[in-house]
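Engineer: Sequence:
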Amino acid sequence: MAIILQLTLMVMFYYIQIFSQRIGTSSSYCQFFLIMPPPCMLFGSGHAMYYPLHNPKSQEPVTLDFLDAELENDIKVEIRNKMIDGESGEKTFRTLVKSQDERYIDKGNRTYTWTAVNGTDYSLALVLPTYSFYYIKAKIEETITQARYSETLKPDNFEESGYTFLAPRDYCSDLKISDNNTEFLLNFNELIDRKTPNNPSCNTDLINRVLLDAGFTSELVQNYWSKQKNIKGVKARFVVTDGGITRVYPKEAGENWQENPETYEDSFYKRSLDNDNYVFTAPHFNKSGPGAYESGIMVSKAVEIYIQGKLLKPAVVGIKIDVNSWIENFTKTSIRDPCAGPVCDCKRNSDVMDCVILDDGGFLLMANHDDYTNQIGRFFGEIDPSLMRHLVNISVYAFNKSYDYQSVCEPGAAPKQGAGPRSAYVPSIADILHIGWWATAAAWSILQQFILSLTFPRLLEAVEMEDDDFTSPLSKQSCITEQTQYFFENDSKSFSGVLDCGNCSRIFHVEKLMNTNLVFIMVESKGTCPCDTRLLIQAEQTSDGPDPCDMVKQPRYRKGPEVCFDNNDLEDYTDCGGASGLNPSLWSIIGIQFVLLWLLSGIRHCQL
1 MAIILQLTLM VMFYYIQIFS QRIGTSSSYC QFFLIMPPPC MLFGSGHAMY YPLHNPKSQE
61 PVTLDFLDAE LENDIKVEIR NKMIDGESGE KTFRTLVKSQ DERYIDKGNR TYTWTAVNGT
121 DYSLALVLPT YSFYYIKAKI EETITQARYS ETLKPDNFEE SGYTFLAPRD YCSDLKISDN
181 NTEFLLNFNE LIDRKTPNNP SCNTDLINRV LLDAGFTSEL VQNYWSKQKN IKGVKARFVV
241 TDGGITRVYP KEAGENWQEN PETYEDSFYK RSLDNDNYVF TAPHFNKSGP GAYESGIMVS
301 KAVEIYIQGK LLKPAVVGIK IDVNSWIENF TKTSIRDPCA GPVCDCKRNS DVMDCVILDD
361 GGFLLMANHD DYTNQIGRFF GEIDPSLMRH LVNISVYAFN KSYDYQSVCE PGAAPKQGAG
421 PRSAYVPSIA DILHIGWWAT AAAWSILQQF ILSLTFPRLL EAVEMEDDDF TSPLSKQSCI
481 TEQTQYFFEN DSKSFSGVLD CGNCSRIFHV EKLMNTNLVF IMVESKGTCP CDTRLLIQAE
541 QTSDGPDPCD MVKQPRYRKG PEVCFDNNDL EDYTDCGGAS GLNPSLWSII GIQFVLLWLL
601 SGIRHCQL
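All residue numbers for the sequence shown refer to the UniProt record's numbering, where the first residue is 1 and numbers rise by one.
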């Protein structure tokens, strides 16, 4: 903790030192929109037309209710109703917030501002945390200073300035955004060399903020981190800024950095802003697999400063710690000899005691057993299900189930929840040879399609898809998935008790670690007492969705449009209609004429 506190104080010192020289504060929302996604837009029935964290994964449009996108509470229900009624307002309150990677839930203050969009049935809502009311507006007018700061972003300087990542934002209209960080840095520097940040095609505020952060983070690395002795167990130091700069030291650690260069897409970054504690982040086991622990455990904290009474959180600092070193140090300091009670021994690979550290989401960060090491980052409900269920029952953890109505699944994986691609029925040879089949509606339907294809060849032509992004989901189907997020239910620090497993029991003690998001658990080994082995799943899985009977008991407020849109004097009807596709070919018309002539000629020769 001491090293992170030191990093925090260093960054605070730098910001305060340069604040009076080159930066100021602004309360405009314009900068916020340039960095963050657009806010939520709601239409009259309470459905969100757009919501930043929910992007459709299927080719089928899915209607998403505002309360399904948010974590519902009474205040949000009230806000939704007022938005539907076209009212305007603002309210600040403490609420549950889902993390960017949807694994965690945090508690934070949010200000909701909403208003109706004139001339429409839509309402617009903007949600801001307290620390985003103001942003830093940098003023770097000296060309020499701009050049010196931009020089630190070049890959040639990574050895002395730390491995650098730049958030892919629209700094200039002619700057091509690339997923390759090195390529994007080179493009950015090449553009800065050709143009000044004041160029009309560039966003001066964004570029100046990037250069400001590039300058002070480079000085932080060169003047402090590079001169400090290596601390055993610390794999990397890093600083991530609101302006879009990520510095990782040493360079070798940055080469293995897996976080998103866009800071506002990083779950650990946003969680650090919402928490006053040191935030420990487990590696993503479900994505990286059993070897995830090798990348280290991230510990981060937001830098908090007040300027003229205005709260700012301009950066997050942290370290990555080596798992094996942490386990070794922790087990050494936690051993009590002699043992004075039934629960006190945390020796490594103990046969009688399991000692684990979980984060606030229920993910494993440390254990005194080597066979747990490969499971670091895994949800504890899949490791010791009975104990995790008991931790929920005694209110160490609470949980929230959230549903994703925009998922796609493999065919047969879940009941189909929406419309999907249709195709014509193709009869088998056995069907065609069966006389009774020709009397069915299917036979006449296929015959009708055959005649139409001869007469109007363009009518049944397949439309070529232009977007390749939807080609892969075509073989899948829409479905609902659910994911469960766990979080600390209350502020109680200690819990003790006995886990009853029927024929045996396990004594346990739980202690929340001060100023962190961690909980330490000592419990009699699960190998000494077999218990419920049904897995408690946290990860996303297919679902039938919430119980409709429960939803009917509390119906959501809806409101239809006041004006119908079936007539518009400005509409040009000549542009409408699909009859342009009904252009029969010349040969099909001639063929039909011959058939009609043959039929008519046959009638004249019939015997009456």
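Note that these hints are calculated values from the structure, not bench results. Everything numeric in this text was worked out from a predicted model, so none of it was measured. Backbone N, C-alpha and C define an ideal beta-carbon position, used for all residues, glycine too. Some hints could be false.
[Unchecked claim] Pairwise CB distance ranges (calculated): (1) Glu78 <-> Thr130: 18 to 24 Å; (2) Thr182 <-> His509: 47 to 53 Å; (3) Asp74 <-> Val117: 23 to 29 Å; (4) Arg389 <-> Asn118: 49 to 55 Å; (5) Lys154 <-> Pro411: 24 to 30 Å.
[Unchecked claim] Listed below are the simulated BS3-like cross-link pairs for lysine-lysine, each with C-alpha atoms no more than 25 Å apart in a straight line: (6) Lys332 <-> Lys347; (7) Lys107 <-> Lys332; (8) Lys137 <-> Lys310; (9) Lys332 <-> Lys229; (10) Lys332 <-> Lys235; (11) Lys235 <-> Lys287; (12) Lys107 <-> Lys493; (13) Lys107 <-> Lys91; (14) Lys176 <-> Lys154; (15) Lys476 <-> Lys493; (16) Lys107 <-> Lys401; (17) Lys553 <-> Lys401; (18) Lys176 <-> Lys195; (19) Lys107 <-> Lys76; (20) Lys347 <-> Lys526; (21) Lys98 <-> Lys313; (22) Lys98 <-> Lys154; (23) Lys235 <-> Lys154; (24) Lys91 <-> Lys229; (25) Lys195 <-> Lys154.
Engineer: Would the pair lysine 107 and lysine 493 pass a check requiring their Cα atoms to be no farther apart than 25 Å?
Structural biologist: It holds: about 17 Å lies between the C-alpha atoms, which stays within 25 Å.
Engineer: For the pair supplied as a hint, lysine 235 and lysine 154, confirm whether the alpha-carbon distance does not exceed 25 Å.
Structural biologist: holds (23 Å)
Engineer: Measure nothing beyond the straight line between the CA atoms of lysine 347 and lysine 526; if it is 25 Å or shorter, mark the hint as holding.
Structural biologist: Status holds; Cα separation ~16 Å.
Engineer: With the threshold set at 25 Å, check whether the alpha-carbon distance from lysine 91 to lysine 229 stays at or below it.
Structural biologist: This hinted pair is violated, its Cα atoms lying about 49 Å apart.
Engineer: Regarding the pair lysine 195 and lysine 154, is the alpha-carbon distance no greater than 25 Å?
Structural biologist: holds (17 Å)
Engineer: What's the verdict on lysine 332 and lysine 229, does the C-alpha distance respect the 25 Å limit or exceed it?
Structural biologist: holds (23 Å)
Engineer: Within 18 to 24 Å: is that where the Cβ-Cβ distance between glutamate 78 and threonine 130 falls?
Structural biologist: holds (21 Å)
Engineer: Given the hint that lysine 332 pairs with lysine 347, test it: the Cα-Cα distance must not exceed 25 Å.
Structural biologist: holds (8 Å)
Engineer: What's the verdict on lysine 176 and lysine 154, does the C-alpha distance respect the 25 Å limit or exceed it?
Structural biologist: holds (17 Å)
Engineer: Decide if the proposed pair is consistent with the structure: lysine 476 and lysine 493, CA atoms, cutoff 25 Å inclusive.
Structural biologist: At roughly 47 Å apart (the allowed maximum being 25 Å), lysine 493 and lysine 476 break the hint.
Engineer: Is it true that the CA of lysine 107 sits at most 25 Å from the CA of lysine 76?
Structural biologist: Holds - the C-alpha atoms of lysine 76 and lysine 107 are around 15 Å apart, at most 25 Å.
Engineer: Checking one constraint from the list: CA of lysine 176 to CA of lysine 195, max 25 Å. Satisfied?
Structural biologist: Roughly 15 Å between the alpha carbons, so the hint for lysine 176 and lysine 195 holds.
Going through the hint list in order, the structure does not satisfy hints 5, 7, 15, 22 and 24.
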